[in-house]
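Throw the hints in and build the complete structure from the sequences for me.
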Amino acid sequence: MSALDRKLLRDVWALRSQVLTIALLIGAGVAVLVMSVSSFLSLRGAQQAFYAESRFAEVYAEVKRAPSTMLARIAEIPGVAVAEGRVGGEARVDWPGAEVPVAARVLSLPISGEQPALNRLRLIVGRLPEPTRHDEAVIHVAFAEAWQVRPGDEIAVILNGRRQRFRIAGIAHSPEFVFTSRPGSPLPDDRGFLVLWANEEAVARAFDMQGAFGEAVLTLAPGASEPAVIAELDRLLLPWGGRGAYGRHDQPSHRFLEDELAEQRTLAVTVPLVFFGIAAFLLNVVLGRMVEAQREQVAALKALGYPSPPIAMHYAKFVAAICLLGSALGIGAGAWMGAGMLGNYRPFFRFPELPYLLPTWLPVLAAAASFAVALVGVLDALRRILRLPAAEGLRPARPAAFGGGPLGHLGRGLGARAKIPLRGLLGRPLRTLLTVLGIALAVPMVVLGLFWWDAMDSMVELQFDRIERGDAFVALTDPRPSRAAREMARLPGVLAAEGQRIVPIRLRAAQRSRLLALTGLPAGAELRVPRDANLRPVPIPHEGLALSRRLAERLGVREGDTVQVEVLEGARRVHDLPVDVLVEDIIGYTALMEIGALNRLMREDDLVSHVALRVDPLAAEALWRQLAERPRVAATNVKAVWLRVFDEVIAGLVLTSAVTLTGFGVIIAVGVVYNSARVALQERGWEMASLRVLGFTRQEVSRILLAELALAVLVAVPLGLVLAQWIVGLILGARDNESFDVPAVISTTTFAAAALVVLGAALASAVVVRRRIDRLDLVAALKARD
Amino acid sequence: MLRRTPMTTAADAAPPAGEPQATGATPVFVARGLCKSYGSGDATVHALRDLDVDIWQGEFVVLLGPSGSGKSTLLNILGGLDAPTSGRAAWRDHELTGADEAALTAYRRDHVGFVFQFYNLIPSLTARENVELVAEIARDPMRAEEALALVGLSHRLDHFPGQLSGGEQQRVAVARAIVKRPDALLCDEPTGALDVETGKLVLSAIARANREVGATTVVITHNAAIAGMADRVLRMGGGRIVAIEANARRLAPEELVW
Ligand SMILES: Nc1ncnc2c1ncn2[C@@H]1O[C@H](COP(=O)(O)OP(=O)(O)OP(=O)(O)O)[C@@H](O)[C@H]1O
Ligand SMILES: [Mg+2]
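Protein chains in written order, with this note's numbering: chain V, 19 to 804; chain B, 12 to 269.
Just so you know, the hints here were simulated from the structure itself, not pulled from any lab data.
All values reported here derive from a predicted model rather than from experimental measurement.
There's no promise every hint is true.
To be verified - Label-pair ranges, simulated between beta-carbon atoms: (1) V:Arg34 to B:Gly203: 30 to 38 angstroms; (2) V:Leu383 to B:Gly52: 51 to 59 angstroms; (3) B:Thr55 to V:Ala798: 17 to 25 angstroms.
Said to hold, decoys possible - Some residues of chain V that are not near chain B, with every Cβ distance over 12 angstroms (derived): (4) Leu322; (5) Pro377; (6) Arg643.
What the hints assert, rightly or not - Listed next, the stretches of chain V that the computed footprint assigns to chain B, with coverage defined by at least 3 CB atoms under 8 angstroms from CB atoms of chain B: (7) 438-444; (8) 702-712.
Backbone N, C-alpha and C fix where the C-beta goes; we use that ideal spot for every residue, glycine too.
Shown next, in the form of structure tokens:
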């Protein structure tokens, strides 16, 4: 072992607490990277595997009633690979024990009794219904798990007003329902939504669809153009009441999954990038200062005739040792938490298999990246020292950067003692800047984890307190005259009722288009209050549209622009409508009109399709039961359930990573502050020991040294708060999630908590430094430095 | 606080070899049976072995001796920086051995001025401020400018250490040591890093401080020529004082031949 290698081991040991905190710093960056990327890749992998295995359809076309013979025509459309027809519809479930009405989607299985050609089911238990049995069904795993339903159990479904009992033959996963949410609700509710597959004859009979299909699903040949196929499909099905074909992009489960994947990709890329970037920067600063504190040693080695490369190699090994330790910790923790996070996804995304994937390149990349940034930091500091003439580096009193100039006057009027920390900071502005920035960045590290709670709170507040002011939302089986709403207002427990008309539309702006629901609201509606960017209520436009700001941004539409609205119901007419005003929303995309204007557009009378209710909480349960009995009620969505689901699902998804981020943020914050303090002591220990020899007490000396840290922290914390706001904005700006928006709201509590973590770390570091000052070796200070 | 020692102690003990010159009647530093060892077993290093010494009020003492003979160890113990393994040391009525850290700090602060081989100036403070730093915590300091004038540096008040030569830095260190009007001025190889002429400047600053402030002065050096400046020269070897020489006449630094 060479002398330098022995020095290496001794240095690592002597600086062990710093080495450990730096290793943790690296570990935190690596762990976040490994965790986020691996859980993203695992989800993506599971999605691709399941889609391929189950032959997930690429295009969907709903139609009122098309004769089965049309399927052959569809299959002939150029670009179509496989086409299959099926029958389906909405239903209600008579499920004892459900506190709110359970909605169901019923779908047909082929007459053959075989698996469908597309969107095959993956049975986890049981079997498909016997082809001859019309009272057997397969149900989706989400509902089965939520209620612990097993094969052999019975379930009563009200199909088209007729009650029918099914015996459960099997429980299955489906690529169409990886993420299940009931129609009209943007959020999943496993307990309140059932997907049920039964033999085609049973379903067709229930919906009067014998010899016909209500939905065509298809896959595309390689290289086929989806828009072209959709256009042709729409043309073919228009006479049969086609409701507008759409691609996977608009398929609800796929959409939500893609959004979550996009979210994860953002989190997997931007957050670790920011996290890793900050960690790397801190590593650079901390290691750079550490090397600089060894300045005389380096100069001495050089003076002894050591060529630069072995010296550089020596420090590279030092960095490698720290990085190796840090990466090992980080990869271990990252893989463990990545697997844990994936586990958290299982209830939200129903994949038959969701194995944890950790590709080899990922930890290698993470370790290599951390080593690279650390090495750059160290070599940079080293280069500066090696460039110095050896004699300069060796001078016992380090040549101060203090010339005459303004610094000579700095702190005039203060005692000499006060000048030391002041000049320590201002005398080397660049280094001070880096240190302050380093400590400041510790604040966003903590905020980055914590702010998600604030964001969730503000999402709920905006969406469910300010915009959706009703307690329940009732979907009618078909549009009714508006007095239906007034009738509902007379039900016991209903405090107010407002009718709405909702029609599916396709909105086009230039080349971009998307499917959404256009809601007609009465002027002065109180149960649904559209709001502008300042959250002030916006009056509903008389003729034009009120459009979601988020959607408008996505479509590149501004207030005053005209968009094309294709109504996907009835005569499928196309209208050009002005966007009169943009409104805020959080979940889904809003498109609003005045209800009268909408009905005129539809050339229909005064109709409502939905009713928003304000409900007396004491009478709520009875009311839900009563609503469930009413024949014209298709579904009742209850806000309390939404809130619960929101808490469980969205918050659950988002907060999983927030908890770990907060943990790492704290580790990093503490690491940075502690290292700053320790390096300061390392650099100034000699000076401080000299002062002690001159008769300064421990307390006086500590004050001088800690004043520098305190000043740095005092500047850094407010700066950090500003940086936190900016970084959060940056990350949210990089999100690409159509399902819900996360507002960049950071509460005072979060700011305070982050500031406290940093201040607490500073305080703890100060205590450690103070204890080290108490143990300073005075005699050593009289000998040469270090 | 330091333990008060009965004044009789020094007189009771066998007086060490060498009589004081006319400078003072009572010893201010008294050391008896000082031992200092490092390590244990075979590896034990004995820095001081059963050393006795008396140093008198206002005296200028030079400590000579080969490297490793224990000079710095002795000086550090007298300066309240280090504790002997056994034996005792006292300054006037302050017992230095066994005193706690706070008492030793107060002792250094109130009574001792140090000059180090490597100056140990604070690089971010000017010459004046380095001196003021100590003046701020002293009981009855002179003005920083006055102390710097004593070492002949009135023209370098606002220079930072990095802008001063080694000799100038060391004179600042001397000024810093004497600004508090110390009772004892302890210098460990103050000229060790300096050339002859610069060394002389520093030594004359120390001599002047000894004269004008009346500080009992102990200077460690490897340079036998400097011995001519002293009232007494203590020669050390192997952790003991092996010889004491008294000079009939103290030479001025300019008169020294190196
Ligand atoms: N911290 C220590 N650990 C172990 N041994 C030490 C320590 N300090 C001093 N010594 C040993 O004590 C002995 C006396 O040291 P001291 O520093 O007093 O010598 P010195 O006379 O001042 O020498 P020099 O003229 O070289 O400065 C030496 O042999 C030295 O190796
Ligand atoms: Mg010595």
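Hints the structure fails to honour
none
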